[in-house]
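Colleague: What follows is each chain in one-letter form.
Protein chains: 2
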Amino acid sequence: MEKHFTFETLASLDQRYRASLINSLGGFKSVNLVGTINKNGQTNLAIFNSIVHLGAHPPLVGLIVRPDSVERHTYENIIETGYFTLNHLNATNYIPAHQTSARYPREVSEFKACGFNEDYKDGFIAPYVQDSKIQIGLKLREVIELKINKTLFVISEIQHVYLPVRSIMPDGFVDLESAGSITCSGLDSYHSTQRLSRLSYAKPDKLPEKI
Amino acid sequence: MEKHFTFETLASLDQRYRASLINSLGGFKSVNLVGTINKNGQTNLAIFNSIVHLGAHPPLVGLIVRPDSVERHTYENIIETGYFTLNHLNATNYIPAHQTSARYPREVSEFKACGFNEDYKDGFIAPYVQDSKIQIGLKLREVIELKINKTLFVISEIQHVYLPVRSIMPDGFVDLESAGSITCSGLDSYHSTQRLSRLSYAKPDKLPEKI
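Protein sequences, first through last, are from chains A and B.
Convert by adding 21 to the 1-based position in the first sequence; the result is the number in the working numbering.
Convert by adding 21 to the 1-based position in the second sequence; the result is the number in the working numbering.
One should not assume that every hint holds.
No distinction is drawn between identical chains; accordingly, a pair holds when it is met within one copy or between any pair of copies.
To be verified - Think about it this way: if two alpha-carbon atoms lie no more than 27 Å apart in a straight line, the pair counts; the simulated BS3-like pairs of lysine-lysine are: (1) Lys160 - Lys171; (2) Lys160 - Lys24; (3) Lys24 - Lys227; (4) Lys171 - Lys154; (5) Lys227 - Lys133; (6) Lys142 - Lys231.
Because the hints were derived from the structure by calculation, they are not lab data.
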């Protein structure tokens, strides 16, 4: 049995039901902890599932920040210092990672409140998450405010990447499963993955092969 | 052992190695088939892994289109008609779905070339993928060209959603695993998922519970 929602029926749904439904529709999502610091040395850690690849050369990442959310502390720190980190979640830390979405007061660091250790390296100002296997240091390049709903689109450049040597395949592909990275869906569901396969570069004259 | 890449070492990598590496770093991604049609009735189908949630009310989705890719046929059709569809992948169709990324000539429909059936319903102009369990019909609202690398950010509004009744939980959450949806990583890796758990809404005074 198939259910059909229209623009009008979606608008008539209870707000929380609608948020949960619409957040589920795109499919499984990237999920990362975003680490920041302000000019007074106050750190912040927040979970984000709205990260998107923008290009490899220069290496660019897009981050969506909703206007009325706890993500604003993160955003304010990014604007203040120009830097932040992305840190992959794994099966052992997704529960405290989810906890970073609670509305802590500004003076509370979610690193401390949720049991994460700050990791500073190579002179980068923003804190990484110590037990995260894949850590990325980013520099703010541009913010675009979407007129349609005041959402902020934060465009940043990759400055540093740290990851396990064993997870990097000979062609540059990163085996995220070997690094323990997980995915999420909707607003609150976390999932481990199992590879179906990698597929060869697609060409019109033949079907892709498993590689 | 940990590997460290900097902005400079990333820039010095072989182009394909770098693309594969950088595309892997954000984590697991949404993966969808985008269905379009032009004014002459010529259809197009293309795989996208750069979809991002922008808001629930109104229900908005962002789609990243790279400037120099086969995705341009899709983009041109979206501009021409103002409409397109998103269709979830599953374990039985991800190989032909990957094949839609081959550089077919403009006059070839990837629906036909890759073995997908077009599904038209409720007067919507763009074709859905018939065997896709979750189908979304979207209306173009705005395109933003990112000055930094000419990437196009396509903002669209959800007009129609079709999904299995059994996959919709009482609170609106969609159980993507029950719908057979899969995820992807890098440029060419496809993965099924296994739920770790859903977690309760986070509050500062207590740890989230599995729900």
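Colleague: Determine for every hint whether it applies to the structure shown.
Modeller: Taking the hints in turn, this is what the structure says about them:
no.	hint	result
1	Lys160 - Lys171	both (22 Å within a copy, 19 Å between copies)
2	Lys160 - Lys24	between (43 Å within a copy, 20 Å between copies)
3	Lys24 - Lys227	neither (37 Å within a copy, 36 Å between copies)
4	Lys171 - Lys154	neither (33 Å within a copy, 32 Å between copies)
5	Lys227 - Lys133	between (54 Å within a copy, 14 Å between copies)
6	Lys142 - Lys231	neither (38 Å within a copy, 34 Å between copies)
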